[in-house]
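*Asks:* What follows is each chain in one-letter form.
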Amino acid sequence: KAGVTQTPRYLIKTRGQQVTLSCSPISGHRSVSWYQQTPGQGLQFLFEYFSETQRNKGNFPGRFSGRQFSNSRSEMNVSTLELGDSALYLCASSLAAGAQSRSPLHFGNGTRLTVT
Amino acid sequence: AQKVTQAQTEISVVEKEDVTLDCVYETRDTTYYLFWYKQPPSGELVFLIRRNSFDEQNEISGRYSWNFQKSTSSFNFTITASQVVDSAVYFCALSETGANNLFFGTGTRLTVIP
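Residue numbers (our numbering), protein chains in the order written: chain V, 1 to 116; chain Z, 117 to 230.
To be clear, the hints were calculated from the coordinates, so they are not data collected in a lab.
The beta carbon of each residue, even a glycine, is placed where N, CA and C say it ideally should be.
There's no promise every hint is true.
[As the list claims (entries may be wrong)] Every beta carbon over 10 angstroms from chain Z, so not counted as near; a handful from chain V, in silico: (1) GLN18; (2) VAL19; (3) PRO61; (4) THR80; (5) ASN109; (6) THR114.
[What the hints assert, rightly or not] Short, incomplete list of chain Z residues facing chain V, as computed with Cβ under 8 angstroms: (7) GLU160; (8) LEU161; (9) PHE163; (10) ASN216.
Construct all of the structure, not just a fragment, from the sequences and the given hints.
*Replies:* Following this line, the structure appears as structure tokens:
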């Protein structure tokens, strides 16, 4: 069974640009969550999608947005990039959302975004 | 407010030694879940264990064991007879009411020296 797939693995963007990251969950998983990992702030929750609806959102500015498609694939968008957005962005999937889930979060390898 | 503390930033052990990684958590919820994840250099977070707040039984899986104590709000992880392949960053995480927004600790970097 294929794991969580994130594309691209590496991305270099310039300040002010926007970027879209993609995540394909494990087959059958309907919940997708996004996390940001930086040396300074560690791992922080961005948002979770289930059945194309945002279920939870972390404490990030509106420049960070996401969506989920009917096939459970998800995209994350960051607009007006800032230097501080440089991070490893991790996507995770699980069978269902929240307490209903019988499977824990399974993470992908991440997309490393560098903003110059 | 929820918080996860991993006081050990880095640990080095010689192969075959036992090592314990500490995790202390704070939460006001009576229902919560605790996790351990391993992050090798490849970057992927590998799930190791999930434990809910009503199950205080310790767990053993091969060389790995976990000690959950609600009285001290701790969920410690022990690797027995460590191996070089255990070298990674280990994260403890907390989820309130089982939601998928996990609060992670800052991680402990474990280096196993051959």
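*Asks:* It remains to establish, for every hint, whether it holds in the given structure.
*Replies:* Here's how the hints hold up against the structure:
{"no.": "1", "hint": "GLN18", "verdict": "holds (23 angstroms)"}
{"no.": "2", "hint": "VAL19", "verdict": "holds (18 angstroms)"}
{"no.": "3", "hint": "PRO61", "verdict": "holds (17 angstroms)"}
{"no.": "4", "hint": "THR80", "verdict": "holds (24 angstroms)"}
{"no.": "5", "hint": "ASN109", "verdict": "violated (5 angstroms)"}
{"no.": "6", "hint": "THR114", "verdict": "holds (14 angstroms)"}
{"no.": "7", "hint": "GLU160", "verdict": "holds (5 angstroms)"}
{"no.": "8", "hint": "LEU161", "verdict": "holds (4 angstroms)"}
{"no.": "9", "hint": "PHE163", "verdict": "holds (5 angstroms)"}
{"no.": "10", "hint": "ASN216", "verdict": "holds (5 angstroms)"}
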